[in-house]
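Protein chains in written order, with the numbering used here: chain A, 1 to 311; chain B, 1001 to 1307.
It is possible that part of the hints are untrue.
[To be verified] Subject to a maximum C-alpha distance of 25 Å in a straight line, what follows is the list of computed BS3-like cross-link-like pairs (lysine-lysine):
#1 Lys1172(B) with Lys1124(B)
#2 Lys1101(B) with Lys1124(B)
#3 Lys1300(B) with Lys1124(B)
#4 Lys1279(B) with Lys77(A)
#5 Lys76(A) with Lys1279(B)
#6 Lys1172(B) with Lys1196(B)
[Unchecked claim] Coverage of chain B stretches by chain A, computed from C-beta distances (three or more under 8 Å per stretch; other residues unrestricted):
#7 1135 to 1145
#8 1184 to 1196
#9 1212 to 1223
#10 1263 to 1270
In case anyone wonders, no lab produced these hints; they're calculated from the structure.
Fair warning: this is a prediction, and the values are worked out from it, not measured in the lab.
All residues carry an ideal CB built from backbone N, CA and C; glycine is no exception.
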Amino acid sequence: MKPIHRRSFLKSSLLSAAAVSLPNQPPMATQNAARSASVAASSQAPGIIDTNVNLFSWPFRALKYGATKALVAKLKKHRVIEAWAGSFEALLAKDMSGVNSRLAAECREHARGFLIPFGSVNLAWPDWEEDVRRCHEVHQMPGIRIYPGYQPFDLDHPGMQRLVRMTAERGLILQVVFGMEDPRVHHPMISVGPVTFAPLLRAVESTPNANVELLHFSGSVRGEDSNRFTAQTNVFLDISRLEGNGAVARLTGSIQGLPSARLPLERIVFGSHAPYFPVETAILKLIESPLDAQQLQAIMQGNARRLLPRA
Amino acid sequence: MLADRESAQLTLKMNAREFFINPTDYGLPTRDELVAYRIWDNHFHGFASAKPIEQYERNNFFVERMGIERSIAQEVGGTLERPFAPYPFDAEILKILERDKDRLSGRTPIDPGYPEESCAKIEKWIRNGPCIGIKYLGSAINGITCSHPNNDPIMRLAAELDVHVYVHTWLKVGGTPRRPGGDNGPSESTPMDLAKLAQRFPQVPLICGHSGGDWELGVRAIRPYRNLLLEFAGSDPHSGMVEYAIRELGVERLVWGGHGPSRSYATEIGKVLDADISKADRMKIFGGNLRRICASIFRKKGMRIAL
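Given the sequences, and given the hints that come with them, work out the whole structure.
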């Protein structure tokens, strides 16, 4: 990956206020120069790696950017340079092999190298291990995304520990989706079970080399679990579900005095939950939160690139 | 005495107007462009806290950062939990309303389970006080929703004062058999309840809070009643929701709320930016429509606002 130099990053920044005291902050003169150069330097603004998008049809509504071509154009409009894509089909389908094949083909056809397919396995279906193998060996996917709750299992499923171990052994990223929509507005015909956090902790702690990312996770974890999650795992978290003014800065600890869980900066990655959520929402969270250049670079792409290095 | 601004502020090292990315590079409006939208936050919970003054002062960092022009506090005079009980922070909140009158207004919460007390509160806080609207809470347990006849004297008074009424509405799925609204609280109004009220009082501007919770159904429920506006606030951002509401209701019937600090301004602003609409239409949703229904009460209070 081409490194992002601090100076070029700042040149593309919108600097409009008084002096600040950020560590390693360039002097005010540099900021003034950056202000006047903000338009010319736009092409150097860092791109975003979106670790949480889904393709195909949401089962309950036609989404505005539901067509892959439209979604890719929309993401690129907002300077997304890479998007890790799951499939809405994985929520309810039984033929997971078909789901994963279609996902791989769709990514190849519409945006090879931009859409990175994350296939899915359903622990409640027999022989899910073969789906892991096919995702890895046949489709050469870098990771697996599971949707517990919609897929009829919780994280205390007996196969969970084995899935964490299998993905770790194969060097795959395991994305665990904690929700797709507010349960208060679910279609009355479906009953999506809650996803419990603690069993995942146990599975991850027993496989220290696992690469696990929580998608659409609120960050709300009870005391002891929170401490274990922060101190004893290396699990990543996307920002798509964080709520409250300044939520990202609260999570990083940039803001003191507002309630929040805390997570080391290097474990926070960008995720939009598009096309269900507007992609604008997640980017605006980065703007709303008072984050400095290094923090933004880490969340927008640096941490995700570390999790999934460019081949 | 007002809270000390210094001690109530956030501990951070960045100015509210300082950004390290240019929103334009990411297809988003700059702060100046957000300011130009003239955003009026229809749904502000700045005082909803055990430490309301401190929370209000802290949240001002984000009000400033996101270019919000005016916030309408949902709990002035009592709380949403105990709307008629004396509230020890009322005096301080009144001082803040006066101090920040160029960017802060308030609604007073009432409960139609107690119509006489509600009317008395409206007299105190609106006719004789600083508030510019009525807020129906959704958390009471007396089983009286906004469609009950108890509401009629409240609505008659609202019509006399020419003020709008905000109603918390939701459609929480649940119950047996499962249905939208089946998990609502005993006094929690649905958009269908509000539609009944709107039909009885077509002269009173009513706001359907939270888009009814389930916006696809909420829009359908209120569609026939022109005095009913739909609020986008306090629910998840769903791509396409604003365009759907414009198609079914018309852009003149939409208002925007931030629901901060428990929700992100980012979440709520993103809903409107998702819609491929003109700047003029964005301005109507972000504040123009709310200013239209507030114009009379602001005028009566001697406050001049540019529509």
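Hints versus structure:
Restraint check for Lys1172(B) and Lys1124(B): not satisfied, since their Cα atoms lie roughly 34 Å apart, outside the 25 Å limit. The hinted pair formed by Lys1101(B) and Lys1124(B) meets the criterion: a straight-line CA distance of about 18 Å does not exceed 25 Å. For a cut-off of 25 Å, the pair hint linking Lys1300(B) to Lys1124(B) stands: about 15 Å separates their Cα positions. With a CA separation close to 18 Å, the supplied pair Lys1279(B) and Lys77(A) stays within the 25 Å bound.
Using a Cα cut-off of 25 Å, the hinted pair Lys76(A) and Lys1279(B) holds, with the two alpha carbons roughly 22 Å apart. Among the hinted pairs, Lys1172(B) with Lys1196(B) is consistent with the structure: their alpha-carbon atoms are about 19 Å apart, no more than 25 Å. With 0 residues having a beta carbon nearer than 8 Å to a beta carbon of chain A, the segment 1135 to 1145 of chain B misses the requirement of three or more and the stated coverage is violated. Coverage of the segment 1184 to 1196 of chain B by chain A is violated in this model, with 0 residues showing a Cβ closer than 8 Å to a Cβ of that chain against a need of three.
Using a Cβ-Cβ cut-off of 8 Å, 3 residues of the segment 1212 to 1223 of chain B lie near chain A, which meets the minimum of three, so the contact claim holds. Counting residues of the segment 1263 to 1270 of chain B whose C-beta lies closer than 8 Å to any C-beta of chain A gives 7; at least three are required, and the coverage claim holds.
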